[in-house]
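Modelling step: build the complete structure from the supplied sequences, incorporating the hints.
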Amino acid sequence: MSARLFSFHGGVKPEHHKNESAGSPIRPAPLPTRLIVPLRHNTRAVAVCRVEPGQTVLKGERIGDAEGVLGTAVHAPASGTVVEIREHPMAHPSGLATTCVVIEPDGEERWVPHQPYDHLASDRQSTLNYLRDSGIVGMGGAAFPSHVKLGAGSGIETLVLNGAECEPWITCDDRLMRERAVTIIDGAIILFELIGARRILVGIEDNKPEAIAAMRAAAADCKAPIEVVAVPTRYPAGGEKQLIRVLTGIEIPHGKLGGEYGVQCFNVGTAHAVHRAIRHGEPLLSRVVTLTGNAAQPGNYEVLIGTPIADLLPLMQPKPGTDRYLLGGPMMGFALPDLSVPIVKGSNCIIAASQALFPEPEPELACIRCGECARACPADLQPFELYWYSRSRNFGKAQEYHLFDCIECGCCAFVCPSHIPLVDYYRFAKTEIWARERENTAASQARDRFEFRNYRIEREKAEKAARLAAKAAETKAKLAKTGEPVAIEKGGDDKPAVSSDDPKKALIAAALARAKQQKAEVEARNTTDLPPETAAEIAEIDARRKSLDLSSKATSTASSTPNQASPPSVESKLPQANDAADSTGTAVHVNEERK
Amino acid sequence: MMTALLIMAGIAVVLGAALGYASIRFKVEGDPLVEKIDAILPQTQCGQCGYPGCKPYAQAIANGEADINQCPPGGEEGIRHLADLLGREFKPLSEEHGVEKPKSVALIDEQTCIGCTLCIQACPVDAIVGAAKQMHTVVEPLCTGCELCIAPCPVDCITMEPVQETVETWKWKYPVIKIKEEA
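First to last, the protein sequences are chains A and B.
To convert, note that position 56 of the first sequence is 56 in the working numbering; the numbers rise steadily by one, no gaps.
Count along the second sequence starting at 1, add 1000, and that's the number in the working numbering.
Take the hints with a grain of salt, since some may be wrong.
[As the list claims (entries may be wrong)] Which chain B residues face chain A? A few, computed with CB under 10 Å, are given here: (1) Thr1044; (2) Cys1123; (3) Val1155.
Worth flagging that the hints you see were computed from the coordinates, not collected in a lab.
Glycine included, C-beta positions come from ideal geometry on N, C-alpha and C.
Spelled out as structure tokens, the structure:
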């Protein structure tokens, strides 16, 4: 049309391979025997499970609640029974497991009650929450929650609808636009109204004339300011920043997002999902997946989320020679580590790969600094520099060269005459840097906690000392009042050191005074009020002890401690005789025995 | 002759005054070297280096009392960073201070725990919660894996569990270059 197109730097033109699957209409994939629905759809957020094994669920019933800023809800893609909740490998290059709800469909397809949502009558925030609870995420591959994107921007001028589909082999968006252009345009208008934009630009690569025609026909029927633009076919025209650049001429700087420059970008699949959610009240339960590659029956299928990939393979009938399967396109996708992984909201394509179609990469040679990669880089980076620094693990330098602006499109590795797997190095460096950042955060947290603990221990010590001092002062004050009479009463034989300023001494003095008082009270209790015969007996025993004492004094000088009249007083003497400890102890013991 | 001397002396006095003023005006609080060393140390606070925490060890390195190869949790990479910072030669981890282990966190067997609170007192980062005669548990994200809680436990109910890789923490491996097999 009239719009002036701009160009982005770099890019490559790999063979399209779109014709293999573009001709076949979207067909529903058969219901699998087991649906494995991951509670996690990207690496950022996990939904909170709200079902139990054995529970029956209806189609569209919410089985996981959104948690966190980037969380979205997860729904049962079919009616049936929850068999188990277990860890299952997810569609991720690591092949690591994540929590999945395993549902056995009953084949009845009974829907949970649902009705359309009137987004014009509700306020913006509740509509965004509704989209979050409908599990709407970006269908382009990254599965970024759409409600976050919609909520982020204010003053958005242009809504860009991404139908470029620039990766070779993939045709799911192409088929979706050809067959469901009206619903996509309607979904785009809902997004347009939610975000308050002034115009909608639909970017479609010019190798999809049917899709462009269908979208133009659908756009002509509505009043909204929609323009369907054919963009030159050049990989990666479907990259968000690249498409925005081509359509609007706005170049989004390093570290910024489209929303900050008045442009917000959504995939056509996302617009379709938004239409289903708002106009029909249906959460996101399925997506279109392209099955292609080395296959007899390539095609596009409407696949329920959670369908194991192994169940889809018979549909395309892989030809002999298929040695691995790629998830995503050949440029950015990865080889599946496990075929039991389920389809998730961001899985757009499965490619049966053979040595003929995707030969083993040739051995990596040394970088010859030809600069081809820099010419191909759509993010205007210097891939060879990034390669040097990532390879030598000089991550600080790699970040200085804006490693994180790399979109991992694979153009540099595509053109590299030395067959260096450049993107692998960048991915390695990126995850390594993230790991380091996590470690640093953990370390500074540990440092803070350790320092706070030390501070707390010091504070507790100080508080204890202060408490003791306060108590001592109190006792001192009390002694100053009552201590005088006590001292006089006791006959002043051992004057408490109240005159001293030291709180400790005051405490000791107080304790001594207390002990003395107690002793005075206790002392004669078992020797007073005795019948005469007992008193006589005691006197006799005392006499005997005295004679023994004398004899033991004669034999041993150690047991010189004079024993007193009554056992309690012997014990009270003991602490004072501590220096003579052992021998005295034994002497007393002997005495007791003899008694 | 005299003029030249006076000029030179004048310049010296002015510059000296400027330097003296600057040394007061721009005085750096604390020892920046200690902070830099402390930033490299892993903050495990495990005491394997022989100092009660990472900061004291950093202080000791800065004072030249301790060597740079006494931190097992920091590992070889930590020693390399310290060597770079201090301009010293790299040396392998000193064996008497321990060996580098994969990152682990403490796990309390809650069936065996008697609630003695000894591990709570031992934890340098307050990562164990519990009360006397109540079950204790480790707050996993806060645990530094220092192993200081293991020794005091009277019923030996604490084990160290290596941290498992998750989708969030998974890392791409360093690209391996395939070497052609010799015929």
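Quiz item: When the hints from earlier in the document are held up against this structure, which numbers fail?
Solution: 3
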